[in-house]
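2 protein chains.
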Amino acid sequence: MKTASENTCFGGTQGVYSHTSKSCACDMTFAVFLPVEAKDGPVPVLWYLSGLTCTHENAMSKAGAQVWAAEHGIALIFPDTSPRGESVSDDENYDLGQGAGFYVNATQDPWKPNFQMWDYITEELPALIAENFSIDMDRQSITGHSMGGHGALTIAMGLPGRYRSVSAFAPICSPTTADWGRKQLTAYLGTDETTWAAHDASLMMEKTGFDGPVLIDTGTSDQFIDLLKPEALSVAIAKRRQEATVRLQPGYDHSYFFVSTFMEDHVAFHADALYTD
Amino acid sequence: MKTASENTCFGGTQGVYSHTSKSCACDMTFAVFLPVEAKDGPVPVLWYLSGLTCTHENAMSKAGAQVWAAEHGIALIFPDTSPRGESVSDDENYDLGQGAGFYVNATQDPWKPNFQMWDYITEELPALIAENFSIDMDRQSITGHSMGGHGALTIAMGLPGRYRSVSAFAPICSPTTADWGRKQLTAYLGTDETTWAAHDASLMMEKTGFDGPVLIDTGTSDQFIDLLKPEALSVAIAKRRQEATVRLQPGYDHSYFFVSTFMEDHVAFHADALYTD
Numbered sequence: 001m002k003t004a005s006e007n008t009c010f011g012g013t014q015g016v017y018s019h020t021s022k023s024c025a026c027d028m029t030f031a032v033f034l035p036v037e038a039k040d041g042p043v044p045v046l047w048y049l050s051g052l053t054c055t056h057e058n059a060m061s062k063a064g065a066q067v068w069a070a071e072h073g074i075a076l077i078f079p080d081t082s083p084r085g086e087s088v089s090d091d092e093n094y095d096l097g098q099g100a101g102f103y104v105n106a107t108q109d110p111w112k113p114n115f116q117m118w119d120y121i122t123e124e125l126p127a128l129i130a131e132n133f134s135i136d137m138d139r140q141s142i143t144g145h146s147m148g149g150h151g152a153l154t155i156a157m158g159l160p161g162r163y164r165s166v167s168a169f170a171p172i173c174s175p176t177t178a179d180w181g182r183k184q185l186t187a188y189l190g191t192d193e194t195t196w197a198a199h200d201a202s203l204m205m206e207k208t209g210f211d212g213p214v215l216i217d218t219g220t221s222d223q224f225i226d227l228l229k230p231e232a233l234s235v236a237i238a239k240r241r242q243e244a245t246v247r248l249q250p251g252y253d254h255s256y257f258f259v260s261t262f263m264e265d266h267v268a269f270h271a272d273a274l275y276t277d
Numbered sequence: 001m002k003t004a005s006e007n008t009c010f011g012g013t014q015g016v017y018s019h020t021s022k023s024c025a026c027d028m029t030f031a032v033f034l035p036v037e038a039k040d041g042p043v044p045v046l047w048y049l050s051g052l053t054c055t056h057e058n059a060m061s062k063a064g065a066q067v068w069a070a071e072h073g074i075a076l077i078f079p080d081t082s083p084r085g086e087s088v089s090d091d092e093n094y095d096l097g098q099g100a101g102f103y104v105n106a107t108q109d110p111w112k113p114n115f116q117m118w119d120y121i122t123e124e125l126p127a128l129i130a131e132n133f134s135i136d137m138d139r140q141s142i143t144g145h146s147m148g149g150h151g152a153l154t155i156a157m158g159l160p161g162r163y164r165s166v167s168a169f170a171p172i173c174s175p176t177t178a179d180w181g182r183k184q185l186t187a188y189l190g191t192d193e194t195t196w197a198a199h200d201a202s203l204m205m206e207k208t209g210f211d212g213p214v215l216i217d218t219g220t221s222d223q224f225i226d227l228l229k230p231e232a233l234s235v236a237i238a239k240r241r242q243e244a245t246v247r248l249q250p251g252y253d254h255s256y257f258f259v260s261t262f263m264e265d266h267v268a269f270h271a272d273a274l275y276t277d
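Here the protein sequences line up with chains A and B, keeping their order.
With the working numbering as the guide, the letters of the first sequence map in order to residues 1 to 277.
With the working numbering as the guide, the letters of the second sequence map in order to residues 1 to 277.
Only chain A is shown next, with the shape it has when bound in the complex:
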C-alpha cells in the first residue's frame, strides 16, 4: 500500500492510498479519514460508496462528512467506484465501465477480468484496511450515494451481521426494473435475470431485509428520481416491517449539496448503532 497524501483534517487525518488490487487486477485508490481517537486505539468505521462517475475523491472533498465523523470519533472509508486504467475495459457512456462498477462481480466479458467490485469492497479492501489502520472491524456501518446507495444497501443485506446500520442518499432502489440497472446488470451479469436479484435493494429488502436500522434520504426534486425508483424500496420496507426511516426531502436534487445537507443526520444515525454494544 502506498500513501498518496495525508492531510490533517478536523483534528484527524484525511489520507489517500493506493494499492495493487487482486480482485480488480489493477491499481486502486481509496481514501480514509481517521479521527484523532484512532491514535489511542481502534475506532468504528463508516464506509461511503460513491455514485456513477465518481472516484474516492468526490465525497472526500464535497460530502462534508469529516466534521461529523470527527465529532463522533468514527473513521470514514471512501473507495473508488470501479477498476481504472488503460488496461481496464471501458464504455463510451458514463454509466457503464470505469466509474460505474455497480458493486457487482462481473461474470461477462469484457468486464469479468477487472470488474469484481463486490469482492473488492467486501473482502480485499476490508482486509487491507484492517491490516493498515487503527479501525475496529467489529464495528462497521455503510452508506452511499446513488449507485453507491445501491451498493451500500445490497452489500449490507447481502452480508448479514457485517454492518450494524445502513443508510443511503438517493439510492438506485430498483436496478432490475430501471434504466439505471438493467443495462449494467445485463452487461456485467448477463441476460439471466435470476442472477440480478442479489443486486436489487428492493428485492433483497422484501426477501430478507436488514438486521439493524435503515435510513434513506431522497430529494423530491432529484433529477434522476424516475431512475432511482424510491417507491420500490419504500413498499418493500413497508411489506417487510423493516426498522427504517425513509425521508423524501422537499426541494433537494441529486447533488452533493443534497448529500452534505443530510450528512450530519446520517453520521449520527450510524454513530448510534456503532456505539451500542
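Rather than coming from a laboratory, the hints here were simulated on the basis of the structure.
There could be a bad hint or two in this list.
The list makes no distinction among identical chains, and a pair is therefore deemed to hold if it is satisfied within one copy or across any two copies.
Here are the simulated lysine to aspartate or glutamate pairs, DMTMM-like style, with alpha carbons at most 25 Å apart [as the list claims (entries may be wrong)]:
#1 LYS2 with ASP27
#2 LYS39 with ASP272
#3 LYS62 with GLU6
#4 LYS39 with GLU71
#5 LYS2 with ASP253
For this one, chain A is given, so just place chain B on it according to the hints.
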C-alpha cells in the same frame, strides 16, 4: 445576470450566476448561498475570496461553509479570482493572470484592460448583489484563503466602515516582500513599490489597522508558509494593538481540509459581529 444553477442546500439555496462585468470587461461567474431566512427579508453576508487557481467553485464545493452559514442565517458570496476568457490576457504560470488577480486594479499592460479585481469585488459585484438578492448590505463581513486571505484583509482595511469583521485562512501576509506578491504586484502595478503598500496586509495593519475584530488561522505544516509570512502580520497586529486572534494550527497544511476544519469558527466569529447592533 444569468442563473447557471440553483441547488437546495441546508434549507437554503446555493446558486451560481454569471454576468457581463464592466470592471473586468468580460463575463464573470460567482456563487451565492442564501439561507432560508432570506425568504423573509435581507440577511447579513459573508464574502469568501478564494486563492490562486480557484474559481467560485472550489470553496462553494469544498470549504463546508454552507452548514454554518445556514446555522447563523448568513448569506455567502464566492466570487471568481480573476477575469476569464480567451480575450483576457494570461500567463503560462499559475500564479499570474487568470486565476491570480490578487484583488488589485492593474495599471500595467497587458493586464490593465481586464484585471480590475479591486473594483469588481468592492463596487461592481456588491451593486449587483444588492440589486438581485435578499441581502442586507449594511451587514457585511469578509474572509478568504491564501491569495483570497490577502484580498479579504487588504480590502477590509482599505474600505474602513464597510465590513464589520475580517478573517483569513492562511493569508498571503506580506506580498511586498515575498515571492507570492512581488512578481504579481510588479506585473499589475508596476515597479514603483509605493503603489504596492495599499495591497500588503501587514503594511496596512501597521499603518491603519481594522476597526473591528480580526481572526487569522494558519497551519504550522502549511507547505507555502515561507511565502505567506504570517510573522509579518503577527508583528504588525501586535504593534498596532489590533483587536485580533491569530492562531497557528498544529499539523494543518494549505488545503481545503484545513479551511473546512476551521470554517465553523470563522462563520461563528463573523456572525457575532454581524448580529451586533
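State whether the alpha carbon distance between LYS62 and GLU6 is at most 25 Å within one copy, between copies, both, or neither. So LYS62 and GLU6 pass the 25 Å test inside a copy (17 Å) and across (17 Å) alike.
Within a copy, between copies, both or neither: where do LYS2 and ASP253 come within 25 Å Cα-Cα? between (36 Å within a copy, 20 Å between copies)
Using 25 Å as the alpha carbon limit, work out where LYS39 and ASP272 are close: within a copy, between copies, both or neither. Only inside one copy: LYS39 and ASP272 sit 22 Å apart there, 35 Å across copies, limit 25 Å.
Evaluate LYS2 and ASP27 at a C-alpha cut-off of 25 Å and name the case that applies: within, between, both or neither. within (11 Å within a copy, 43 Å between copies)
Within, between, both or neither: how does the pair LYS39, GLU71 come out at a Cα-Cα threshold of 25 Å? So LYS39 and GLU71 pass the 25 Å test inside one copy only (15 Å; across, 31 Å).
In this structure, none of the earlier numbered hints is contradicted; all agree with it.
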